[in-house]
Amino acid sequence: MNIINTILLKLVLLPGVLYKKMGVNLAHLKAILTAKLIMDDRRPNGFQQMQQKRRKNPVRFATVSTMFVAVLIGSFFLLSFKFGDNYITHFSLYFSFYISFLASLLISDFTSVLIDIRDNYIILPKPVSGQTFVLSRLLHILIHVCKITLPMAVPAIVYLSIKLGWVAVAAYLPMIIMATLFTIFLINAIYILILKLTTPQKFQNIISYIQIVFAIFFYAAYQLMPRLMNNVRVAHYDISSSTAWFFVPSYWFSAGWQQLYHFAASAQLSVFLALSFIIPMASLWVVIKYFAPAFNQKLSLITGSTGEAATASIAGKPQKTNPSSYSEWLANIFTKRGAERMGFLFTWKMMLRSREFKMKVYPAIGYMIVIIVLMNLNMKNASFSDVAAQNAQGKTTVLLILYFSNLIIISALAQVTLSEKFKAAWVFFVAPVKTPGNLISGAVKACIAQFYFPVAVATLIVLTALGGARVVPNVLFGVANCLLITAVSAYISANKLPFSAPPNNKAGSGGFLRVISVMVIGTTVGALQYFLYDITAVIVILTLLSGGAAWFVFDGISNFTWIKVFSRYEDS
Amino acid sequence: MGNPIISIKNLWKSYGSKAVLKGIDLDIYPGQVIGYIGPNGAGKSTTVKILCGLISDYEGQVFVKGLNLKDNALAVKSTIGYIPELAELYDVLTPVEFLTLMAELYNLDKHIALERMAKMLAAFGLQANINDRMDTFSKGMKQKVLITSGLLHNPDIIILDEPLSGLDANSVIIIKELISKLAKEGKTIFYCSHMMDVVEKVSDRIVLINEGTVIANGSFEELQQQQGNESLEKIFAHLTAKESLSDAADQLMSAFD
Numbered sequence: 001m002n003i004i005n006t007i008l009l010k011l012v013l014l015p016g017v018l019y020k021k022m023g024v025n026l027a028h029l030k031a032i033l034t035a036k037l038i039m040d041d042r043r044p045n046g047f048q049q050m051q052q053k054r055r056k057n058p059v060r061f062a063t064v065s066t067m068f069v070a071v072l073i074g075s076f077f078l079l080s081f082k083f084g085d086n087y088i089t090h091f092s093l094y095f096s097f098y099i100s101f102l103a104s105l106l107i108s109d110f111t112s113v114l115i116d117i118r119d120n121y122i123i124l125p126k127p128v129s130g131q132t133f134v135l136s137r138l139l140h141i142l143i144h145v146c147k148i149t150l151p152m153a154v155p156a157i158v159y160l161s162i163k164l165g166w167v168a169v170a171a172y173l174p175m176i177i178m179a180t181l182f183t184i185f186l187i188n189a190i191y192i193l194i195l196k197l198t199t200p201q202k203f204q205n206i207i208s209y210i211q212i213v214f215a216i217f218f219y220a221a222y223q224l225m226p227r228l229m230n231n232v233r234v235a236h237y238d239i240s241s242s243t244a245w246f247f248v249p250s251y252w253f254s255a256g257w258q259q260l261y262h263f264a265a266s267a268q269l270s271v272f273l274a275l276s277f278i279i280p281m282a283s284l285w286v287v288i289k290y291f292a293p294a295f296n297q298k299l300s301l302i303t304g305s306t307g308e309a310a311t312a313s314i315a316g317k318p319q320k321t322n323p324s325s326y327s328e329w330l331a332n333i334f335t336k337r338g339a340e341r342m343g344f345l346f347t348w349k350m351m352l353r354s355r356e357f358k359m360k361v362y363p364a365i366g367y368m369i370v371i372i373v374l375m376n377l378n379m380k381n382a383s384f385s386d387v388a389a390q391n392a393q394g395k396t397t398v399l400l401i402l403y404f405s406n407l408i409i410i411s412a413l414a415q416v417t418l419s420e421k422f423k424a425a426w427v428f429f430v431a432p433v434k435t436p437g438n439l440i441s442g443a444v445k446a447c448i449a450q451f452y453f454p455v456a457v458a459t460l461i462v463l464t465a466l467g468g469a470r471v472v473p474n475v476l477f478g479v480a481n482c483l484l485i486t487a488v489s490a491y492i493s494a495n496k497l498p499f500s501a502p503p504n505n506k507a508g509s510g511g512f513l514r515v516i517s518v519m520v521i522g523t524t525v526g527a528l529q530y531f532l533y534d535i536t537a538v539i540v541i542l543t544l545l546s547g548g549a550a551w552f553v554f555d556g557i558s559n560f561t562w563i564k565v566f567s568r569y570e571d572s
Numbered sequence: 573m574g575n576p577i578i579s580i581k582n583l584w585k586s587y588g589s590k591a592v593l594k595g596i597d598l599d600i601y602p603g604q605v606i607g608y609i610g611p612n613g614a615g616k617s618t619t620v621k622i623l624c625g626l627i628s629d630y631e632g633q634v635f636v637k638g639l640n641l642k643d644n645a646l647a648v649k650s651t652i653g654y655i656p657e658l659a660e661l662y663d664v665l666t667p668v669e670f671l672t673l674m675a676e677l678y679n680l681d682k683h684i685a686l687e688r689m690a691k692m693l694a695a696f697g698l699q700a701n702i703n704d705r706m707d708t709f710s711k712g713m714k715q716k717v718l719i720t721s722g723l724l725h726n727p728d729i730i731i732l733d734e735p736l737s738g739l740d741a742n743s744v745i746i747i748k749e750l751i752s753k754l755a756k757e758g759k760t761i762f763y764c765s766h767m768m769d770v771v772e773k774v775s776d777r778i779v780l781i782n783e784g785t786v787i788a789n790g791s792f793e794e795l796q797q798q799q800g801n802e803s804l805e806k807i808f809a810h811l812t813a814k815e816s817l818s819d820a821a822d823q824l825m826s827a828f829d
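These protein sequences, in sequence, are chains A and B.
All letters in the first sequence, in the order written, are residues 1 to 572 by the numbering used here.
All letters in the second sequence, in the order written, are residues 573 to 829 by the numbering used here.
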């Protein structure tokens, strides 16, 4: 165990007497926590995985880099001191950021840390009391959280000590601790609620979707904040002017800070100060005392025999004969009979059903949509009327939408070859498939059909509605070019059989490069199209040429031989 | 025979509206090796989970060493060594780290535990690997660590769920020998498996369940007397298969026509 873990473990075990009173076995608690912390050291947690997606740090530096990133995020929270007129407003925003960021982090880490299904077989059959087990999970989360929140609080401490002095810091510390506790139990309660309302099978899917929404929300907030800062109304907002805020927990912590820092004979502020202490403590007590036994029960069901029961009942139902005629319809249009069509349908279904795939691709698509929307918002004076008038501004908007929508597909293409269950791809290798390229082109086409096709159709409809029939040739040309760019990038890089390689190997590392090159090529082609925009005959001819070239490249992919495909697996 | 060490009385368990166990009655005596067999979905693993305290919302009564499982879950758990079917363990830990955790949870003295685990792992031929992370281990090596973890605290009752999966032929012999030696020491073994030939050889008593009820209960010889002088595999098929199995094979073959 590293020194950080050792110190934190000692700290959380300090209230041992209190734990004992709750019926916790201290020796068990320490043993479980020690093992869990050793395990944390040896595998990346959710937060570190998140970073890993963006930049490829080796796992052993993860703790240091996690803390560094946490300091950066904590600095970002300081932006809230730019909003509003007084400290109570600043801090309400600060705690809102803090609580929601921590909650999003915890939701992802809870699935990997708290819902370690192996605990059901390893710890639960042992003579460990429910209270000990639940407390070990909570303290584990707490230690885990401390490794992130301590560095995250440093910027605010520095800021406050310079700006207001040490009294402000002293008032801040208990509040940030209470806010942290509150967040932990908030998430715990949400988990218990979801477990109560739904089947364990659906549970992880719901959590995944919440994570995806959070990730996109933060990305949008991150992008929007600088824009809002220049808004005069926002800059002078006073949070106490609206009583609705009284129900928001971040306001309690903010009011609590205010009262601790600068005591006022205000009954209202004193109530909120009391709330900021009582609520986290009470929720801690409720979770351990009442929810713990039921929670364990439900947890053991996640892998329990309900799975068997559920499959049995499904088997009893009449089978749906034609589950996705839409995908089959698309497959008939876009693919050749045989291996390519099979590759298409297989990839289509896997992309819709694999949680792992969705967790990686949907947030990336969300980011791209945020970027595309903001990009268009950022263009000064851009408006729908420009698109309708087809002036220079309108043309640029059309081209931006066309070429940036291509980015949506990149992460899907990068992920489609990767899977935790990559070993199941043996079926492709033992089956007598003559040219594996067919499977690959089928998979690439499935990505395009599932992610790009709806966007392209929507773009065509919206732009035609705004700009009239005259934009159609240009839109089609843009779509053809995007297909060509995608096809070429797939020809060069995407390349293994669908869902056949382990995740986090070198295959994913070219992601950033791919985004940049697609953007650069897209911008270049878009700029060329700008000059040819009004010469419809040329656009039509070029559309045919570009479409033909795309078809040609797809054909090239479908002709990949086994020798070429095997070579892709050897270097990883 | 004395008092039963495990006594199950009218045990019912349902998942939603689906009853998995429908009134199991079973008395198990110290030193017995029970072969607990049944087709998939018969309720074997549900019984095991109840005995191990993983499921507590069952109906009926379960007594272990005279203690009601519902009221004394922790005391019961300490007398049981459970070796689960899947090689579920924290594989980023080393065997020593993992087993130290197990020993701690069973309130075992650390020095005794270290000595025992060293001896047991050495007996399995793992002495060179005791400080390697288990994520590099083969399925059989993991299974050996798992077996060690179930036996470390010297439990009176040992529940084995398909313990031979992934083990090579030599290790299988070791485990079979071990089971009979443990039984001679007075340990009670609860052995769940689909491998009829092994169950036939190691068990003193065979309990066959189907659709949540016990349909046969006795020594292999007793079963043979009731069902005709046949192998356990054949007896199992007679009692649990709804249709003739050779018909099923015929149907499989006819799919080619």
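Treat the hints with care, since some could be wrong.
To be verified - Which bits of chain B does chain A cover? Going by a derived footprint, with three or more residues having C-beta under 8 Å, they are:
(1) 619–631
(2) 676–682
(3) 789–798
What the hints assert, rightly or not - With a straight-line cut-off of 30 Å between C-alpha atoms, the simulated DSBU-like cross-links for lysine-lysine are:
(4) B:590 / A:202
(5) A:20 / A:10
(6) B:594 / B:814
(7) A:21 / B:753
(8) B:748 / B:714
(9) A:202 / B:594
(10) A:423 / A:30
(11) A:30 / B:594
(12) A:20 / B:748
(13) A:196 / B:748
(14) B:714 / A:421
(15) B:642 / A:21
(16) B:594 / A:196
(17) A:423 / B:714
By construction, these hints were calculated from the structure, which means they are not laboratory data.
Ideal Cβ placement from N, Cα and C applies to all residues, glycine included.
Hint-by-hint comparison with the structure:
{"no.": "1", "hint": "619–631", "verdict": "holds (count 7)"}
{"no.": "2", "hint": "676–682", "verdict": "holds (count 4)"}
{"no.": "3", "hint": "789–798", "verdict": "violated (count 0)"}
{"no.": "4", "hint": "B:590 / A:202", "verdict": "20 Å, holds"}
{"no.": "5", "hint": "A:20 / A:10", "verdict": "16 Å, holds"}
{"no.": "6", "hint": "B:594 / B:814", "verdict": "19 Å, holds"}
{"no.": "7", "hint": "A:21 / B:753", "verdict": "43 Å, violated"}
{"no.": "8", "hint": "B:748 / B:714", "verdict": "18 Å, holds"}
{"no.": "9", "hint": "A:202 / B:594", "verdict": "28 Å, holds"}
{"no.": "10", "hint": "A:423 / A:30", "verdict": "37 Å, violated"}
{"no.": "11", "hint": "A:30 / B:594", "verdict": "41 Å, violated"}
{"no.": "12", "hint": "A:20 / B:748", "verdict": "43 Å, violated"}
{"no.": "13", "hint": "A:196 / B:748", "verdict": "44 Å, violated"}
{"no.": "14", "hint": "B:714 / A:421", "verdict": "20 Å, holds"}
{"no.": "15", "hint": "B:642 / A:21", "verdict": "22 Å, holds"}
{"no.": "16", "hint": "B:594 / A:196", "verdict": "26 Å, holds"}
{"no.": "17", "hint": "A:423 / B:714", "verdict": "20 Å, holds"}
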